[in-house]
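Please take these sequences and the hints and turn them into a complete structure.
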Amino acid sequence: MVLYELMVMVKSATPRAQLADILRRAGTRVLDAGGVITDITSFGTRPLAYEFKSPGERHFEAHMVQISFNSAPTLIEDMKHDMRTDERVLRWIAVKKKALRPLSDYKARDPRNLNLPAATTTKESAAPKPPTQPVSKYPLFSEERKERRNARRKAAARGD
Numbered sequence: 001m002v003l004y005e006l007m008v009m010v011k012s013a014t015p016r017a018q019l020a021d022i023l024r025r026a027g028t029r030v031l032d033a034g035g036v037i038t039d040i041t042s043f044g045t046r047p048l049a050y051e052f053k054s055p056g057e058r059h060f061e062a063h064m065v066q067i068s069f070n071s072a073p074t075l076i077e078d079m080k081h082d083m084r085t086d087e088r089v090l091r092w093i094a095v096k097k098k099a100l101r102p103l104s105d106y107k108a109r110d111p112r113n114l115n116l117p118a119a120t121t122t123k124e125s126a127a128p129k130p131p132t133q134p135v136s137k138y139p140l141f142s143e144e145r146k147e148r149r150n151a152r153r154k155a156a157a158r159g160d
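The numbers in full-length UniProt numbering rise by one with no breaks, and the one at position 4 of the sequence shown is 4.
Just so you know, not all the hints are guaranteed correct.
[As the list claims (entries may be wrong)] List of simulated lysine to any residue pairs, SDA-like, C-alpha gap at most 25 angstroms:
1. K96 <-> D21
2. K80 <-> K107
3. K97 <-> A33
4. K80 <-> M7
5. K11 <-> S42
6. K96 <-> A13
7. K80 <-> V95
8. K98 <-> T85
9. K80 <-> A156
10. K96 <-> L48
11. K53 <-> I22
12. K96 <-> I22
13. K80 <-> R149
14. K98 <-> D78
15. K53 <-> K97
16. K97 <-> R58
Everything labelled a hint here was simulated from the structure, so no lab data went into it.
Rendered as structure tokens:
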């Protein structure tokens with residue numbers, strides 16, 4: 001099974017009961033195909049970045065809902081048909097999400113110092129070592145900046 005996120009934008013004039021019907025039909029489609037719904041998030045009625053035009057209508061806001069689910073890739077074609085034929089749906093997109101690696105695949109790191117290598121077993125190597133030279137974001141220009149700063153300080157002391 002593959003993890004998908006379906007983002008649906010429904011006309012803002014659609015009553016909540018009909019919005020629930022759209023979500024119920026999408027959810028039953030996923031469950032009938034042997035999938036699992038992992039999350040449903042409603043973003044409420046939101047203004048659109050630009051107006052959507054449909055025959056005889058202009059839309060400036062829409063109900064936005066996101067459904068996350070695991071299913072077989074063949075389900076997306078059925079979802080596509082449902083979303084295209086429903087007149088209440090303005091826009092929709094189904095996105096395939098990357099599978100996350102298990103935590104055991106990641107090396108442990110000290111969150112207080114991200115520059116350290118992965119955690120080790122000895123106490124000596126785990127302790128952070130002080131840098132030998134001052135760390136500068138722009139090491140090539142650090143001398144020039146010091147000279148300019150000293151010149152500004154001297155000028156300020158003289159009253160220029």
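Query raised in the report: Out of the numbered hints, which ones does the structure contradict?
Result: 2, 6, 8, 9, 13, 15 and 16
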